[in-house]
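**Student:** Taken in order, these protein sequences are the chains called R and Y. Residue 1 is where the first sequence starts when you use our numbering, and the numbers rise one by one after that. Residue 310 is where the second sequence starts when you use our numbering, and the numbers rise one by one after that.
Hints are computed from structural coordinates only; laboratory data are not their basis. Every clue listed holds true.
FRET-style restraints, in silico, Cβ to Cβ:
#1 R:Phe223 with Y:Met375: 16 to 26 Å
#2 Y:Val364 with R:Thr178: 13 to 23 Å
#3 Y:Gly330 with R:Thr64: 30 to 40 Å
#4 Y:Arg342 with R:Gly266: 40 to 50 Å
#5 R:Gly221 with Y:Gly330: 24 to 34 Å
#6 R:Met14 with Y:Ala347: 43 to 53 Å
#7 R:Thr178 with Y:Leu314: 26 to 36 Å
#8 Y:Val364 with R:Glu218: 15 to 25 Å
#9 R:Phe223 with Y:Leu314: 18 to 28 Å
#10 Y:Val322 with R:Pro19: 23 to 33 Å
#11 R:Leu206 with Y:Gly317: 32 to 42 Å
#12 Y:Leu314 with R:Val210: 35 to 45 Å
#13 R:Ile283 with Y:Val364: 17 to 27 Å
The beta-carbon is built from N, C-alpha and C at its ideal position, and this holds for glycine as well.
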Amino acid sequence: MSAIEAGRASQSVMEQVGPNIIHHVSNSDISHPLLHLPTLFGVNFSVTKHVFMLWFVAVLVGITIIIPVRKFLSSGKSTPSGWMNAIEGIVQFIRDTIVKPNVGPKWVMTWTPIILTFFFFILFANGIGMIPIFDVLGVINRFILGVPAWDSHNTINHLLHGGVTATANFNVTAGLATITFFSIMVAGTMAHGFINHWKNLAPHGLAWPVYIILIPIEIMGLFVKPFALTMRLAANMTGGHIALLALLSLMAIFGEMFQSTVAGVGVAFISIPMAAAISGLEIIVVLVQAYVFTLLTSVFIGMAINVHH
Amino acid sequence: MTMYLPIGMGLIVIGAGLGIGKFAAAAADGIARQPEAADKITAAVNLPLFLLEGVAILAEVFTFLMLIL
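My request is simple: use the sequences and hints to build the entire structure.
**Tutor:** See the structure below:
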């Protein structure tokens with residue numbers, strides 16, 4: 001028995017459950033990255049698990065969306081078939097029901113591409129979080145290959161650190177919301193010119209004392225919009241996974257509390273159906289959050305273009 | 310202070326639940342009265358619903374941050 005295993009055995013289950021849940025939703029440790037890269041300008045470029053998942057999602061979107069679309073466009077056919085049909089359905093839905101009513105018919109073709117990019121990227125990044133690739137690898141590793149959990153030199157044990165949902169990381173969603181933040185400004189500038197866009201932030205023709213309150217509020221609103229987008233996506237993706245793991249951890253907690261295997265197995269009859277139900281809810285949340293992010297982005301872009309003060 | 314945070318979480322859930330309940334009730338009422346306007350009613354309900362959800366999520370994130378900081 002190694003020293004690490006002895007240390008783990010001395011901890012109670014209650015003490016292990018919390019860190020285990022946090023460990024499953026957060027990024028892997030920067031000091032043990034998957035790939036070591038040098039530090040440039042004070043930023044460590046090492047590839048942690050969320051960075052890896054971002055690239056993985058980007059490649060997946062490229063293979064499943066961009067390549068079929070390019071192939072279809074260069075083939076010169078007028079009617080799509082198979083997978084391309086599904087993509088066309090989604091693209092048309094987003095263009096006609098999300099972008100067009102909010103941005104307006106004049107600018108719809110300018111802003112649909114960025115909204116579609118957001119939608120597919122967030123949908124794939126969220127969806128991959130619901131596929132337990134690394135957890136299944138871990139189970140195979142533990143029970144078929146017989147590698148113990150504390151072996152830190154094992155590649156698969158190393159891969160198990162950190163969650164797979166890149167959009168559950170606040171830095172990732174903040175990056176996405178930054179793109180929204182600048183798109184709002186670019187949209188306003190393209191539609192009204194640079195000076196007029198900033199003038200449009202506050203309504204015209206009010207008594208001057210009102211502006212003393214109004215202008216700071218509008219400037220705050222400028223930053224609150226992307227901040228709310230950041231928090232909404234990341235917190236939704238983190239929250240669902242925490243709820244799932246907390247329900248599954250009840251088995252270990254009850255088994256420990258009553259010092260019997262029967263108690264743990266008995267709770268499994270409640271907690272596993274609940275976890276399955278929450279997984280179903282999570283699949284809806286995955287779709288809804290991708291939809292919400294794109295909807296709100298197009299609403300904010302539309303607010304900069306169609307000023308109705 | 311940590312022991313009061315779960316109460317705060319409960320209050321957030323009550324508030325958000327009441328808000329979403331009112332939305333759903335009003336939308337169902339509207340659609341029942343005028344089924345042909347279902348699409349428009351759904352579209353009008355969506356955006357405020359997500360904004361409300363955003364406020365609730367923000368409050369929960371801040372509660373969680375208070376818990377761990």
